[in-house]
Amino acid sequence: MLLENMKMAFTALRANKMRAFLTMLGIIIGIGSVIAIVSIGDTMRGLFSSIYQDIGVTQAYLSIGYWVDDVRQSDYFTMDDLSRIKEVFGDKISYIDSDMSASSEAVSEYASLKFNFSGVDYLYQEVQPVDILYGRYLNAGDIKGRRQNAVMEADSARRLFGTENAVGRTFRAEIFGNMREYTVVGVYQKKMSAFQQMMMGSGGDTGSAFVPWTLLTWPNDYFYYCHFFADTNMTEPELNAFYSELTAYVAKLKDRRPEDFRMETAIGQMGQMDSMMANLSMAVGGIAAISLIVGGIGIMNIMLVSVTERTREIGIRKALGARTRDVLIQFLTESAILSACGGIIGIILGGGIVSLAGLALGVPTIVKPGVVILAVSFSAVVGIFFGLYPASKAAKADPIDALRYE
Amino acid sequence: MMRRWLKSSRGELPEIETDELIKIVNLCKVYDTGAVKVIGLNNINLTIKKGEFVAIMGQSGSGKSTLMNILGCLDRPVLGHYYLDGIDISTLNEDQLSRIRNQKIGFVFQSFNLISRTPAVKNVELPMTYAHVPKRLRHERAVALLERVGLGKRIEHMPNEMSGGQRQRVAIARALANEPPLILADEPTGNLDTASSIEIMELFSALHDEGATVVVVTHEEDIAAFTERIIRFRDGKVVSDVRTPKPARQPGAREGAEDGGEHPPVTACRPAGS
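Chains as they are written, first to last, in the working numbering: chain A, 1 to 406; chain B, 407 to 680.
FYI, nobody ran anything at the bench for these hints, they're computed from the structure.
Do not rely on the hints blindly, as some may be mistaken.
Straight-line C-alpha distance at most 27 Å; calculated DSSO-like pairs for lysine-lysine [as the list claims (entries may be wrong)]:
id	chain 1	residue 1	chain 2	residue 2
1	B	Lys-456	B	Lys-429
2	A	Lys-7	B	Lys-643
3	A	Lys-17	A	Lys-144
4	B	Lys-443	A	Lys-7
5	A	Lys-396	B	Lys-443
6	A	Lys-17	A	Lys-393
All chains, full assembly: derive it from the sequences and hints.
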């Protein structure tokens, strides 16, 4: 009987193709935009999460809270603190440094260029690997001996020295007030996706290079951040437990309460960003969903017209034995099909827009099946809800009056 | 097969053995139009036996349409009782009335009332759809019925591709679909020319000869002349009830069948219980 009704509904809709299409248009646009917006949101979230994967999800920064008024010098970190932390939590920390960096003008015999020098440990290559094109990465000796060696990004090397293979070349730069001469020991290249470059910037005119972190803490040997990568094998709850454990340890070390310290974690930021994006796409999707109501009203309108036009048919059906419920179901099926068809076309449209946009931006797009199912069911519900009144009007028609209707 | 199926699906309707197909007792119908109450039917008593061929006559306003609506279970009496095939109609609810209309009555209307943009065969299938007859059986039976009324070659034609007489024959085939005990025709020739009118009345006569109970509402004397009993109404009352029996005719000897040739009588069309 359901199949029978659906067939009947399709016949009725085919009789007025243009009208059916125009009625569906509201639903098509509504569902299409909801799908497009939600999918774009999901795609963005996917991209951000992949960026966090790239920069290391276990990465975190520990520092004295900005809300603490009586900051003492002992609240800052020293190299001794870092070694102690590494000793105590060695199995859970795969990398630790002071997160110091400096901006300065580098001058070679060939050219001069503004540089961003990042102070890193030699183990940084393990947590944030780069491709070494020439020479070598920083080694333990560089770190320990505070050697004025640098590993330079290939493009920066080309601009500073006129050649990518700058191994052995020297440049002068003033870091924290000290003008020194540095030697390039290696040249690296970091691959980034088009989207990553767009989001993070390729560095623009500023060159970048790694120098031993021990260089940047010296001579005063105090720094604000303890920057570390936790072991990547930990699950999220384990990570969070470790973060609090570390905070508590450092607080004790510094004779403070744990809540005086601030732990900024990549997963925390990622979660915040993710929920912000989710909320945003929900909000915009919700606004787009309003157009579904407009589409639903369009369906109700056309169904009312249809019921009036077909009053006589309703009378005939009732005279031939259709019960109230048979007529109700017939018209409900019609409006539900109208709406569901609009929904399906809308999904194709919305999905198409997202795929095209993804193609244009060169990023893989995500259209979640859950969203699609939700959209189709929602459009069918819209059809049934807005079809209810016209259908009940049809079902309640008195057969005598309906048969007499001209 | 059809018979067995219908019996089993008819479960909710009581089966009462009676040879009185229609029995009306002290029936009144009053229309309440707000300010004035119009008496449509005033204390009618009437019995129609199975197998009768009856004309109900009267001028407009005589109450014959009101009676037609009540006989067709489209309307309910205000007072009195109407027994159709032994069932007291005045006690039934909307859905039960739908079921009665579906199973007990075959309607033929003045303006044909076929569903537009729907082929003849689908129109004939419609009452069987509401009776939940299986699809294949429904189609076979609809084709057989269209052949019976002489439209075997037009089963896929749309109503607007057919003449008035042809449309009315589709309507008659539809009326026979669920083998109802009563064929109720409301001015069946009102929109037809004389030749088509005669064809249609011949068809009713043939159905009657096969045992069907046919009630025709009309205001034309020459149409009523086809029947064997004429009941005249005036001002909501029966003013005369005359029987004019005719000799039974041979089935299949009808004239004016469109496709020509002979059509075997569809014996399954005999009303239930006969």
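Each hint tested on the structure:
| no. | hint | result |
| --- | --- | --- |
| 1 | B/Lys-456 to B/Lys-429 | holds, 11 Å |
| 2 | A/Lys-7 to B/Lys-643 | violated, 47 Å |
| 3 | A/Lys-17 to A/Lys-144 | violated, 80 Å |
| 4 | B/Lys-443 to A/Lys-7 | violated, 45 Å |
| 5 | A/Lys-396 to B/Lys-443 | holds, 24 Å |
| 6 | A/Lys-17 to A/Lys-393 | holds, 23 Å |
Hints 2, 3, 4 from the list above are not met by this structure, while the remaining hints are.
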